[in-house]
Amino acid sequence: MSEHTAAVDWERGDKPFGPDYDRTHVWTFDSGVTVPASSAPGLNGDPSRVDPEEALVAALAGCHMMWFLFLAQAEGLVVDYYSDDAVGTMERVDRGIQAITRIELRPTVEWSGDAPTADVVDRLHHEAHRRCNIANSIKAEVTISSR
Numbered sequence: 024m025s026e027h028t029a030a031v032d033w034e035r036g037d038k039p040f041g042p043d044y045d046r047t048h049v050w051t052f053d054s055g056v057t058v059p060a061s062s063a064p065g066l067n068g069d070p071s072r073v074d075p076e077e078a079l080v081a082a083l084a085g086c087h088m089m090w091f092l093f094l095a096q097a098e099g100l101v102v103d104y105y106s107d108d109a110v111g112t113m114e115r116v117d118r119g120i121q122a123i124t125r126i127e128l129r130p131t132v133e134w135s136g137d138a139p140t141a142d143v144v145d146r147l148h149h150e151a152h153r154r155c156n157i158a159n160s161i162k163a164e165v166t167i168s169s170r
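For reference, each letter of the sequence shown is one residue, going 24 to 170 in my numbering.
If you're looking for bench data, these hints aren't it; they were derived computationally from the structure. Accuracy of the hints is not assured; some may be wrong.
[Stated by the list, open to error] Listed below are the simulated SDA-like cross-link pairs for lysine to any residue, each with C-alpha atoms no more than 25 Å apart in a straight line:
# : residue 1 : residue 2
1 : 38        : 54
2 : 162       : 97
3 : 162       : 38
4 : 162       : 121
5 : 38        : 51
[To be verified] Simulated restraints, written as ranges between beta carbons of each label pair:
#  : residue 1 : residue 2 : range
6  : 75        : 142       : 19 to 29 Å
7  : 133       : 159       : 19 to 29 Å
8  : 139       : 66        : 41 to 51 Å
9  : 55        : 119       : 30 to 40 Å
10 : 78        : 114       : 16 to 26 Å
11 : 102       : 160       : 24 to 34 Å
12 : 43        : 120       : 53 to 63 Å
13 : 38        : 169       : 40 to 50 Å
We treat Cβ as the ideally placed atom computed from N, Cα and C, and that holds for glycine.
Produce the complete structure using the sequences and hints provided.
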C-alpha cells in the first residue's frame, strides 16, 4: 500500500462570499510543486488555471503513458517520443449531477529503428490500460485511439 498526498488551499480574502465567490485555489504536492487551480471556466472558474476535470484527464493520460513506456522498454522497444491529446467528456448522469463519463486517450508514438506492428502497439496500450492505477480507480469509460 502507498499513500499519495496533495494539499488544497483556498482563501476568501477580502472578497464577498456570495454566488460569485472566487474559485481560484492552489494545489500543493509533497514534492513542493504548486499548481494554480480553479473550477472549470463554465463554472465561474479562471481559464488560466488547471481545473479538476482536466487534471483527472491528465492524470489518466500520464499514468497510461508511464505504463506504456515501461512495457515498451521491457520488450526491447525504443520510444523516441510520446504525446497524447486526451479528451474527457462531462455529461449529466442524474438530476443536477455531472461526471466525466468518457475519456479518450489519443496517443502518438514515435519509435527508434523499426516500429512495432500495429498489433504490438495495440497490445502494449491494452496492457498499459489494464495496469494503470488511475484507470483502475475511475468509473469513466476509457478508449484508446492510437495515432
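Each hint tested on the structure:
Proposed proximity of residue 38 and residue 54 is contradicted: the alpha carbons are some 31 Å apart, above 25 Å. This hinted pair does not check out: residue 162 and residue 97 have alpha carbons roughly 29 Å apart, beyond 25 Å. As the CA atoms of residue 162 and residue 38 are separated by approximately 37 Å, the hinted pair breaks the 25 Å bound. Using a Cα cut-off of 25 Å, the hinted pair residue 162 and residue 121 holds, with the two alpha carbons roughly 13 Å apart.
Between residue 38 and residue 51, the direct Cα distance comes to roughly 23 Å. Compliance with the 25 Å bound is thereby established for this hinted pair. Range check, residue 75 to residue 142: Cβ separation about 36 Å, and the 19 to 29 Å hint is violated. Between residue 133 and residue 159 the beta carbons are some 28 Å apart, a value that agrees with the proposed interval 19 to 29 Å. Look at residue 139 against residue 66: about 42 Å separates their beta carbons, and that is inside 41 to 51 Å.
Restraint check, residue 55 to residue 119: a C-beta distance of roughly 38 Å satisfies the suggested window 30 to 40 Å. Restraint check, residue 78 to residue 114: a C-beta distance of roughly 18 Å satisfies the suggested window 16 to 26 Å. In this structure the supplied range 24 to 34 Å holds for residue 102 paired with residue 160, their Cβ-Cβ distance being about 25 Å. Taking 53 to 63 Å as the suggested C-beta distance range, the pair residue 43 and residue 120 does not conform, at roughly 23 Å.
In this structure, residue 38 and residue 169 meet the distance hint of 40 to 50 Å, their C-beta atoms being roughly 46 Å apart.
When held up to the earlier numbered hints, the structure conflicts with 1, 2, 3, 6 and 12 and fits the remainder.
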